[in-house]
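Let the hints inform the model, and build the full structure from the sequences given.
Number of protein chains: 2
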Amino acid sequence: MFALGFERHGATQYIRDEILHMAARIEDVAAHAGVSVKTVSRVLNGYTNVRANLRARIETSIKDLNYVPNASARSLAGNRSYLVALLYDNPTAVSSYIMDVIVGVLQACDGTPYNAVLHPFDAADDLAARIDGFVAQHRPDALVLVPPHANNARLLQRLHELDIRYSTISSKLRESCIDIGFDERKAAADIVGHLLSLGHQRIGHVTGLKGHGARTWRHSGYRDALRKAGIAYDESLVVDGDFTFAAGVAAARTLLDHDRPPTAIFAANDDMACGVMREAYERGLTIPGQLSVCGFDGTPVSQLISPGLTTVRQPCREMGCAAVESVLQAIRDPAMRQQERLPYQLQLRESSAAPGKS
Amino acid sequence: MFALGFERHGATQYIRDEILHMAARIEDVAAHAGVSVKTVSRVLNGYTNVRANLRARIETSIKDLNYVPNASARSLAGNRSYLVALLYDNPTAVSSYIMDVIVGVLQACDGTPYNAVLHPFDAADDLAARIDGFVAQHRPDALVLVPPHANNARLLQRLHELDIRYSTISSKLRESCIDIGFDERKAAADIVGHLLSLGHQRIGHVTGLKGHGARTWRHSGYRDALRKAGIAYDESLVVDGDFTFAAGVAAARTLLDHDRPPTAIFAANDDMACGVMREAYERGLTIPGQLSVCGFDGTPVSQLISPGLTTVRQPCREMGCAAVESVLQAIRDPAMRQQERLPYQLQLRESSAAPGKS
DNA sequence: TTTTTAATTGACAGCGCTTGTATATTTGGC
DNA sequence: GCCAAATATACAAGCGCTGTCAATTAAAAA
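Order-wise, the sequence lines are chains A and B. Sequential numbering of the first sequence, starting at 1, is according to the numbering used here. Sequential numbering of the second sequence, starting at 1, is according to the numbering used here.
Note that these hints are calculated values from the structure, not bench results. What you are looking at is a predicted structure, and each value in this text was computed from that prediction instead of being measured. Even glycine gets a Cβ: it sits at the ideal position worked out from N, Cα and C. All clues stand as given, with none of them false.
Distance ranges between label pairs, derived from CB positions:
hint : chain 1 : residue 1 : chain 2 : residue 2 : range
1    : A       : A354      : B       : G289      : 24 to 30 Å
2    : A       : R332      : B       : G211      : 40 to 46 Å
3    : A       : D257      : B       : L173      : 54 to 60 Å
4    : A       : R51       : B       : G211      : 48 to 54 Å
5    : A       : R202      : B       : Q345      : 38 to 44 Å
6    : A       : A128      : B       : P113      : 20 to 26 Å
7    : B       : P343      : A       : R341      : 43 to 49 Å
8    : B       : S220      : A       : P113      : 43 to 49 Å
9    : A       : R332      : B       : R283      : 55 to 61 Å
Have a look at this one:
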């Protein structure tokens, strides 16, 4: 007879599964169900032209044998990898933004045959070449890009050349065929509107990093709200930031040293808002009594800090999820175009109140 | 002649690479270098019995053609996936802890032929079965487990049965052959020692969630420090927590309502420390003037909050990195055992000071 | 019923790589 | 210069799956 370890058919089925703990193969399922391998493959891949009774029998066999298709074999034969790659930058410090997006991406893959590969790429000059290498190795069926890569026109161009489906999150570029985001401009206007409705007249703004869509959109929203309230835009109340805590501290210093300092500050993200709160703390200013502070993003810190930070909850997880779902659709329908705007949430907490009130 | 799209050899090399953007195959490299496929394979897989001049020529060809081996084909043929899977729980909320570990894991894979697959598994009863499915699908060469899965004896047992190499991070179990961590007990003792050295005599402690090694170790460290300072352990100063902000708030309430409230509180993680700070804030207590607070973990919030939170920086990234490196070694040497303790850092910030001082 | 057409199923090749066997070539020690 | 050891080649097989296309079956039409 055959050596046990190598025999793989018929009678030794029991031995393979129960004793050798070897995973079942499609061939085993086919034998168990009494059909051809190809038919099992059809069921696995969601083809509809399999008669109901056969389909049921096959599905039972799959369950009985605990069969799960081997991803590598599938990928090799089908010229599809069942991989969605998430490309982000800054390998050394993952922001809570990216973290949340990742959660959404993984969530969207769950229950599908697709899996996520995460890959940090720093924004080097040879980015396109490095993407080529990455693609050659993994052949991802789709990519999801977050800023700043989502704003890299050369990169998108290269992906078009390679004919790889991708979706972006919060991209500034019109080249992106599928983009997921939310109305940042309106959200910023909403939160500044909230400060205005509390009675604030002089509202400072700390902007985001140049080149990011977020900087532009949030700044525009700030201006929109002021305009709507009939308050003149005062350039001296707007300070450049770069999304870091330190920038928030520095900006707060500038704003609080102003001849007529603002009674509220809207920072373009939560980290900078924390920096503003730090500077207020150092100066012994009470929040919101002497200064109201608002952030943007809804990172975990906004809940943990005291007082709780008023902010906009950005739907990061939902965006990650939607980005994957859309791009998977686009695999089937390459002509697909989509600009999806997801709902955001104003998160009113204790850091904002009427001016002069404790 | 041949149809362009299908011709793959010799003269059409240029066409394939430059125009069709098709990735090179091992066969192309062999042709380019004028050697056999097998020899290229040897170089790729690090066999030493290839003469230097051939090796150099092949490596040049690889670079010239931008050749990257197809991961699926390699995995299928070689019965190795070059995949390291990171299993963690709680799919809906990735902690900054996990995120940092992920960064370390990805970093460790960078430059090796290995890649990381992330997979959240909630701690369900059928965990072992779901792991089986995951393993059947991806055939990871190695796994990295973080708590709580790292403490799941049945799971580790199953991995032994499946003969899959794994490493754990901060596991409580002695079954784990490779475990990476740091001396949490000593770190906790250090930070409590810091409070003692500032002159605090009554120090409260908010513990972690039951079942976690972190709870036990940090609590033991707390007791160690008190014992060393000759201070009697006072059970009424220790309150159960579960690592959440809300638990920190609740615990602070209990401790601050104490007949003789503590002058300092050591929370078993940063989130709970933030909860303690929130309750102090609500009561108008100044930190560190009227209450010193220490956390544990060194999450981003510890820097962003005001005053800055004194804490222990847990070497998450380094642990993720080390866990991968060790488990990859273990693939070569299955008998390997390792209990690695990495250095941690006391992060002294403004939330701790001498009692009664502002 | 028989013929035509459509839907379902199966046999087989092959995805790109690694491994093994068998054979050929080179190298260096004496 | 010869012989053994080290290195390289050719070739075939096969990893587990899917694509192509032909064979079969069922349904519709005659």
